[in-house]
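**Student:** Chain G: place on chain C using the hints.
Heads up: the sequence lines are chains C and G, in that order.
FYI, in the numbering used here the residues of the first sequence are 1 to 428.
FYI, in the numbering used here the residues of the second sequence are 1 to 428.
Read the hints as simulated data drawn from the structure, not as lab findings.
One or more of the hints may lead you astray.
Since the list can't tell identical chains apart, any single copy or any two copies may satisfy a pair.
Unchecked claim - Result set (BS3-like, lysine-lysine): computed pairs, CA atoms no more than 27 angstroms apart in a straight line: (1) Lys425 with Lys27; (2) Lys28 with Lys98; (3) Lys28 with Lys425; (4) Lys13 with Lys191; (5) Lys109 with Lys74; (6) Lys13 with Lys425; (7) Lys420 with Lys74; (8) Lys98 with Lys425; (9) Lys109 with Lys98; (10) Lys13 with Lys420.
There are 2 protein chains.
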Amino acid sequence: MASLEERIGLLRKGAAVLAASSDEARKKALAAMADAIDRERDAVKAANAEDAEAARREGTSDALLHRLVFTDSKIDSAIDGLRQLASLPDPIGRVREKRELDPGFILEKVTFPIGVIAMIFEARPDALVQIAGLALRSGNAVVLKGGREARRTNRALVSIIASAVSGVIEGEWILGIESHEDVDALLGMEKLIDLIIPRGSNSFVRYVMDHTRIPVIGHSDGICSVYVDASADADMALRIMIDSKTQYPAACNAAETFLVHRAIAPVLLPAMGEAFGRLGIVIHGDEETARLIPSAIPATEDDYHTEYLALECAVKVVGSIDEAIEHIAEHSSHHTDAIVTSDDGAKRRFFQEVDSADVFCNCSTRFADGFRFGLGAEVGISTSKIHARGPVGLDGLMTTKWLLSGNGETVAEYSGQGGKRFHHKELM
Amino acid sequence: MASLEERIGLLRKGAAVLAASSDEARKKALAAMADAIDRERDAVKAANAEDAEAARREGTSDALLHRLVFTDSKIDSAIDGLRQLASLPDPIGRVREKRELDPGFILEKVTFPIGVIAMIFEARPDALVQIAGLALRSGNAVVLKGGREARRTNRALVSIIASAVSGVIEGEWILGIESHEDVDALLGMEKLIDLIIPRGSNSFVRYVMDHTRIPVIGHSDGICSVYVDASADADMALRIMIDSKTQYPAACNAAETFLVHRAIAPVLLPAMGEAFGRLGIVIHGDEETARLIPSAIPATEDDYHTEYLALECAVKVVGSIDEAIEHIAEHSSHHTDAIVTSDDGAKRRFFQEVDSADVFCNCSTRFADGFRFGLGAEVGISTSKIHARGPVGLDGLMTTKWLLSGNGETVAEYSGQGGKRFHHKELM
Chain C
1 MASLEERIGL
11 LRKGAAVLAA
21 SSDEARKKAL
31 AAMADAIDRE
41 RDAVKAANAE
51 DAEAARREGT
61 SDALLHRLVF
71 TDSKIDSAID
81 GLRQLASLPD
91 PIGRVREKRE
101 LDPGFILEKV
111 TFPIGVIAMI
121 FEARPDALVQ
131 IAGLALRSGN
141 AVVLKGGREA
151 RRTNRALVSI
161 IASAVSGVIE
171 GEWILGIESH
181 EDVDALLGME
191 KLIDLIIPRG
201 SNSFVRYVMD
211 HTRIPVIGHS
221 DGICSVYVDA
231 SADADMALRI
241 MIDSKTQYPA
251 ACNAAETFLV
261 HRAIAPVLLP
271 AMGEAFGRLG
281 IVIHGDEETA
291 RLIPSAIPAT
301 EDDYHTEYLA
311 LECAVKVVGS
321 IDEAIEHIAE
331 HSSHHTDAIV
341 TSDDGAKRRF
351 FQEVDSADVF
361 CNCSTRFADG
371 FRFGLGAEVG
381 ISTSKIHARG
391 PVGLDGLMTT
401 KWLLSGNGET
411 VAEYSGQGGK
421 RFHHKELM
Chain G
1 MASLEERIGL
11 LRKGAAVLAA
21 SSDEARKKAL
31 AAMADAIDRE
41 RDAVKAANAE
51 DAEAARREGT
61 SDALLHRLVF
71 TDSKIDSAID
81 GLRQLASLPD
91 PIGRVREKRE
101 LDPGFILEKV
111 TFPIGVIAMI
121 FEARPDALVQ
131 IAGLALRSGN
141 AVVLKGGREA
151 RRTNRALVSI
161 IASAVSGVIE
171 GEWILGIESH
181 EDVDALLGME
191 KLIDLIIPRG
201 SNSFVRYVMD
211 HTRIPVIGHS
221 DGICSVYVDA
231 SADADMALRI
241 MIDSKTQYPA
251 ACNAAETFLV
261 HRAIAPVLLP
271 AMGEAFGRLG
281 IVIHGDEETA
291 RLIPSAIPAT
301 EDDYHTEYLA
311 LECAVKVVGS
321 IDEAIEHIAE
331 HSSHHTDAIV
341 TSDDGAKRRF
351 FQEVDSADVF
361 CNCSTRFADG
371 FRFGLGAEVG
381 ISTSKIHARG
391 PVGLDGLMTT
401 KWLLSGNGET
411 VAEYSGQGGK
421 RFHHKELM
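Chain C extracted, bound-state conformation:
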């Protein structure tokens, strides 16, 4: 059996083949993946049943079991997702800049796959299918480390996917790994792996960053806030607050903090207290909040730095949009922050001055998601400012190359007095 390093070395060669493959071949390969998963559905479900049984024996939480079980409807969605990926425009070779340096001397900046990407993700078989599809569509080879609890399902899926694609595109491009030792070994392979995308807890993402020189796209906490401006429609504000908090409280894009302008607080906060109380949401509020929501627990500074991921939130009354923007700058994790307002000036200021991956106006923070954004699928949500920020789709899996096409030009000709001069004419 080849070593991990040798196997990833093969992926590097496969990545070059994939990067040079045609749009048509990659579309065909995605269709083959979809067909094969459909055809081998029983084998996948049998492996998944074993995983689920083992997880139940180990007393795994209901939440994890829920993510782990690969139901027919989840399989259908995963297959659907692959077909949708095939319908997206080819992400390879898109011209991002085009400039004539001098007549006939043409520079282009074009998109190109990153190479070999390692993805580490939770025990969700549908995530494996989605990630494999994104990698193939974008021409990248991929090393997959899924959650341990899903290992039998993952093994079955990787084998089905690899074999389906091998009929269309030659070479190794997908590799499943399982052990922590393999993950640790991988973190040291900076010459073979171009990018690591870890999903999971903050502490895990931090562990990865601390143990590798390979670039990492990760995400930190989602301490998201909704600021309700003086001019907001109170009904709309409450609807957005409820959706942001309760539509899926465990998601990173769920709201944790609500900032309410003093002018609207007397109307909004009592209604909020009643609605949130009915929904079983615990409120930590400052003194002004407590006066309007008697059930609120006194908030500490810590509450405004907390990602509850549960039916719990922090509320603060602010005197101005400036105070709200300042609070967000100091407390938000710069993931997703929203304003509710009917004042265009306030919206403009919020959009300009709040420095978060996603800045929303008059809608729920829960819209921060690759599928909802129309990116087809998402690899994850990045809170980094480098390379990709916010929901990361195919775009985040691409790099660029500069292509310069000349007719024998030398730099010497363009040097010194009396030399040729660049005319730098934009062609797009």
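**Tutor:** Only chain G this time, still in chain C's reference frame:
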């Protein structure tokens, strides 16, 4: 005196002011910088004379002295560069994607400054001016650590620049640091600094990467190659080879390796041997090369992995473009690689299959440069595949934000059967 951390904390606040400043204000500030440097030219030159005097006393190399001395003509160019930056289109707020998720529910991806950037660079006062100008134009605050030998000049320049800009834009946005202790402290400030751009030796870039969690854009070796295809015009090939090797041998974009197709070797190599001999360039060649260039030293495998940065090169005869592409995949540092050919198919394959930051056809590798590319100025050349690749101009100093503008939409409305559906209509 405030601690380094406090001073960088002030930069973070200043960065927010700068990011929200108008295009006009930033243009005016660049003009003020240019005017002030012109006005204070004598003070700058006096500080620089002290630096040069001290460097001479310490027996500094001529090459370093040459970079250090800030002549009137270099000052003029630096001032010119600032005025050119002002003439470039505003890099802030450019719309990169625009999509309607549903009627009236609009998503935009717009460019935004990264925040606080730390730049570490060599003893070149003109680099300081250029970097300060790029930071200001792009709305980023900047921590500057220039070469120790230029410290008096750097101090004078930072003070002149800060004071000129303070008349236009409020707040701290530029900070010069000098000691290695300050650099080490800075590497730990992941909450205050968004990006580090180190220029310098590979070992220094690696040191930075190993000692920080802050994202780093660095560059590794420039082992660049020129492949001369069977179909090449031999005269053009020789001209490009000479320029790529000799126009500035110490640059990272100078060629180190020449790959010559067997079919053109009998014509090209003897001419190359003669021309390179005349120019004093040492050739390390394989056996086939040695047969056609008797003066060639036998090449070892190491020679094809060497960045000479001098009048020295490695030559290899290859049997096909495939062999050339494979050699580049295994030996190049993926900085800049060029083909000389008159065959469009060969050019296409080279452009598609060579995975380097810059891939050129029929021109010198020395064109890999931000100014020559028309980027206005460059922060450096990145050999990373993440965020920015190749010459990095204003674009590399920007991140993006997603702005979503709705009318009270909630995710609950878009969920489940019978829920609303996104229509995801592209608006650009």
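**Student:** Decide, hint by hint, whether the structure agrees.
**Tutor:** Structure-based check of all given hints:
With identical chains, the CA atoms of Lys425 and Lys27 are at most 27 angstroms apart between copies only, with a shortest distance of 22 angstroms across copies and 36 angstroms within one. Taking the closest pair of Cα atoms, Lys28 and Lys98 never come within 27 angstroms of each other, the shortest separation being 30 angstroms inside a single copy and 29 angstroms across copies. For the identical chains of this complex, Lys28 and Lys425 are inter-copy neighbours only, at 25 angstroms across copies versus 39 angstroms inside a copy, given an alpha-carbon limit of 27 angstroms. In this homomeric assembly, Lys13 and Lys191 come within 27 angstroms of each other (Cα to Cα) only inside a single copy, at 13 angstroms, whereas the closest approach across copies is 38 angstroms.
Taking identical chains as interchangeable, the C-alpha atoms of Lys109 and Lys74 are never at most 27 angstroms apart, the minima being 39 angstroms within one chain and 30 angstroms between chains. Taking CA atoms no more than 27 angstroms apart as the test, Lys13 paired with Lys425 passes in neither setting, with 37 angstroms inside one copy and 38 angstroms between copies. For the identical chains of this complex, Lys420 and Lys74 are inter-copy neighbours only, at 20 angstroms across copies versus 62 angstroms inside a copy, given an alpha-carbon limit of 27 angstroms. Taking the shortest Cα distances, Lys98 and Lys425 sit within 27 angstroms of each other both inside one copy (9 angstroms) and across copies (26 angstroms).
In the homo-oligomer, the alpha carbons of Lys109 and Lys98 lie at most 27 angstroms apart both inside one protomer (7 angstroms) and across protomers (21 angstroms), since each shortest distance falls under that limit. Proximity of Lys13 to Lys420 under the C-alpha cut-off of 27 angstroms is found in neither arrangement, the shortest distances being 42 angstroms within a copy and 45 angstroms between copies.
In summary, the numbered hints that this structure violates are 2, 5, 6 and 10.
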